[in-house]
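Enquirer: Chains as they are written, first to last, in full-length UniProt numbering: chain A, 1 to 419; chain B, 1 to 237.
Rather than coming from a laboratory, the hints here were simulated on the basis of the structure. Here a beta-carbon is modelled for each residue, glycine too, at the ideal position from N, C-alpha and C. Check the hints yourself; a few may be wrong.
To be verified - Some chain B residues close to chain A (C-beta under 7 angstroms, calculated; not the full set): (1) Arg20; (2) His76; (3) Ala81; (4) Ala98; (5) Ala99.
Said to hold, decoys possible - Below 25 angstroms or equal to it, Euclidean Cα-Cα: the simulated SDA-like pairs (lysine to any residue) are: (6) B/Lys80 / B/Ala57; (7) A/Lys176 / B/Pro17; (8) B/Lys132 / B/His175; (9) A/Lys176 / B/Ser11; (10) B/Lys132 / A/Lys176; (11) A/Lys106 / B/His175; (12) A/Lys293 / A/Asn239.
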Amino acid sequence: MTNLPTLAHIVTAATMPHAPSFYRDRYGMRGESALPSIRTWEEWHALPRISREDLEARSPLERIFCPLSSVDFFSASSGTGGKPPLFSPRGVVAGYEYRAEWYAMKGPFLSGIHPPHRVQFMLQQRERPARVVTLDPNNLHASLRLAAAAGVDGMYVPVFLAAQIAEYLQALGASKRVQYVELASEQISNSLIRRLQEIFPAAAIYASWGMTEVDASPMGIPCRPLAVNEKTVYHLKENIHMDIVNPETLAPLPLKAGSEGELLLTSYPESAAFPLIRYRTGDIGRIVETSCKRHSQPTFTIVGRAESDFIKVPGGVLRADEVERVLTELNPALERFELHLHQTDTPSGVHYRAVLHVDAPDTELPALARSVALSLRIGPSFTYADGEREGRFEPLQCVPLASSASNQKNRRMITHPIA
Amino acid sequence: MQTTFLKRLKSVQGAIPSMRCNVVPSSFDPTDEAMLAFPLPISWQWSSCERFLRERAARIVMTRLPLFWQLEVLLHDVCKAVGAPLFIGSPQNMPVGAAAIAAMGIDTIITSGEDCGAFATHLSDRAIPLPKNLFIVRTPEESWGTPPTLSRAGVRIHQEVHLFPGVVIAEQCAHADAGVQACFHLSDGVRIDTRGSDSYLTIDKELPLPITDLEIPFSLRAGGTCACGKQILEKIL
Chain A
1 MTNLPTLAHI VTAATMPHAP SFYRDRYGMR GESALPSIRT WEEWHALPRI SREDLEARSP
61 LERIFCPLSS VDFFSASSGT GGKPPLFSPR GVVAGYEYRA EWYAMKGPFL SGIHPPHRVQ
121 FMLQQRERPA RVVTLDPNNL HASLRLAAAA GVDGMYVPVF LAAQIAEYLQ ALGASKRVQY
181 VELASEQISN SLIRRLQEIF PAAAIYASWG MTEVDASPMG IPCRPLAVNE KTVYHLKENI
241 HMDIVNPETL APLPLKAGSE GELLLTSYPE SAAFPLIRYR TGDIGRIVET SCKRHSQPTF
301 TIVGRAESDF IKVPGGVLRA DEVERVLTEL NPALERFELH LHQTDTPSGV HYRAVLHVDA
361 PDTELPALAR SVALSLRIGP SFTYADGERE GRFEPLQCVP LASSASNQKN RRMITHPIA
Chain B
1 MQTTFLKRLK SVQGAIPSMR CNVVPSSFDP TDEAMLAFPL PISWQWSSCE RFLRERAARI
61 VMTRLPLFWQ LEVLLHDVCK AVGAPLFIGS PQNMPVGAAA IAAMGIDTII TSGEDCGAFA
121 THLSDRAIPL PKNLFIVRTP EESWGTPPTL SRAGVRIHQE VHLFPGVVIA EQCAHADAGV
181 QACFHLSDGV RIDTRGSDSY LTIDKELPLP ITDLEIPFSL RAGGTCACGK QILEKIL
């Protein structure tokens, strides 16, 4: 855990008069008003939190706390609430040093989480030949043929593509040399771990927890390799502070084993383009150990998402306002709904099935489900029906709202754990 | 592509893992079953791109090149050298590209001959002005002319022809009045020999697999002298 003077210094730097006004505005500072006082943990916990909506409300150029020429790249993540994507300035090129504990970095590396030049930097820092193959999700086979020809022995890839990547590399005879597989965030099923272990017999498999809007992402780095029936646990990366709060009251919770709540992040690497202070990740985490056997450091796991109006799925985001738009366009009376996302573990990875519980007594539900799937946007130019066609999602179903099993007040978007 | 060269390229595929090199595809088409990995030195640089970004004082750069072309790392090196942040767009996702231009005031796009016209139309339909710098990577086979839809006041277009992604063989002249018929010169270190109606390409640069006397599927010939003093390159199909 970061010490209080360091956190106070971050707040001071972010609210200086010459800095962009983002935090001064957020903290209600006007003119010469005093900087927020951070002398006690109570004062730190009282400091306003930053949400994704706060970031979306400001242009990415207003969130740059360094010269523009020091920004390394801009990342984009799917917009929520029908807004455009969230563009985030990123200054940190480093951040993959933790791999050195697990991976010799002798061969080329397949970069499936962009930008690939951060892998180049990692290899240069370790004085290894900077050999990087960029995965192209839109031209998966073409990029994997290059990866096979290059002889990649490590990779960092999204969970939802992992099985496909493994199977194609195996078909190309390029899976046996792979030593290191890192999966990016998301829930990882036992069957996927088994499949990857089978296809990559020489590899250990790891997971990291990251977010595109956080400089130095991933924030959660592997404590140990993934194993069937074991929790995916992470350590917090250096220069990132974590608070854990009750997701409903937002009251701070103690950082002790078993504590479970929404994770707030404060990310302050020296080269960060934007200092993220008490950022609501929307992820529910649980402290697993206060000191792990291998590193004598605390570990945590991600158990799900806090209540929100969106659910991340492969290829984009299911959004409550988008469901509402589609339903009311089809029939203005269709206002009440719950969308349940069910996830099923299969040998080829997790399958997703959306079930829309809707109050539509005189409606033919299969036809409604078809119409919703065709219009429901997951990304700017990608619908649920597109995902069905690509095999990412099972067909959307509509059922009467009365049969909803959520029993959760005011929740319209519900994710069920992997079955 | 000349069969002999492809045979040589095929014969080195097995040795690539032990070479200190990166790879780019031998074809720009992801569906090309004959595509092989072409080895490029790790120290390879995209100097023509750096020159353009420097001359145009690029502020923020967006790439819309297909990721499987493997040019992101080279382009990032260039952006770092000129102090311009990079945004990685996807040719398959025009709405995000348009939103990025609107949100960040991106002034430079690195795009392909296949993408540039469609993306310009996408922007125009949404009343988003075309950024002031367009850098277009063309394949040897496609037309090298400037699409009329891109010729706008205040927009500077630079085109270059790559043999493989990252291997530049011809560049549009910055001094000539490009118009629709852009004027191209051979890149530094590239030679063309014409024998009869056939043209053969040689690249005088250190490559793991040298490109010498490579027959190209069209004729290239010198077509007079440009205002800059260099020979104008004419492509004859």
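Enquirer: Hint by hint, say whether it matches the structure.
Expert: Verification of the supplied hints:
Checking B/Arg20 against chain A by beta carbon gives a least distance of about 5 angstroms; that is within 7 angstroms, so the hint holds. About 4 angstroms separates the beta-carbon of B/His76 from the nearest beta-carbon of chain A, less than 7 angstroms, and the hint is met. The beta carbon of B/Ala81 is not positioned within 7 angstroms of any beta carbon in chain A (closest approach about 11 angstroms), and the interface hint is therefore violated. About 9 angstroms separates the beta-carbon of B/Ala98 from the nearest beta-carbon of chain A, more than 7 angstroms, and the hint is not met.
At a threshold of 7 angstroms, the smallest CB-CB gap from B/Ala99 to chain A is about 4 angstroms, leaving the interface hint in force. The suggested pairing of B/Lys80 with B/Ala57 holds, with an alpha-carbon distance near 13 angstroms, which does not exceed 25 angstroms. Between A/Lys176 and B/Pro17, the direct Cα distance comes to roughly 13 angstroms. Compliance with the 25 angstroms bound is thereby established for this hinted pair. For the hint pairing B/Lys132 with B/His175, the CA-to-CA distance comes to about 17 angstroms; that is within 25 angstroms, so the pair holds.
At roughly 22 angstroms between alpha-carbon atoms, A/Lys176 and B/Ser11 fall within 25 angstroms of each other, so this suggested pair holds. Among the hinted pairs, B/Lys132 with A/Lys176 is inconsistent with the structure: their alpha-carbon atoms are about 48 angstroms apart, more than 25 angstroms. With a C-alpha separation of about 46 angstroms, the suggested pair A/Lys106 and B/His175 falls outside the 25 angstroms cut-off, and the hint is violated. For the hint pairing A/Lys293 with A/Asn239, the CA-to-CA distance comes to about 22 angstroms; that is within 25 angstroms, so the pair holds.
Consistency note: the structure conflicts with the earlier hints numbered 3, 4, 10 and 11.
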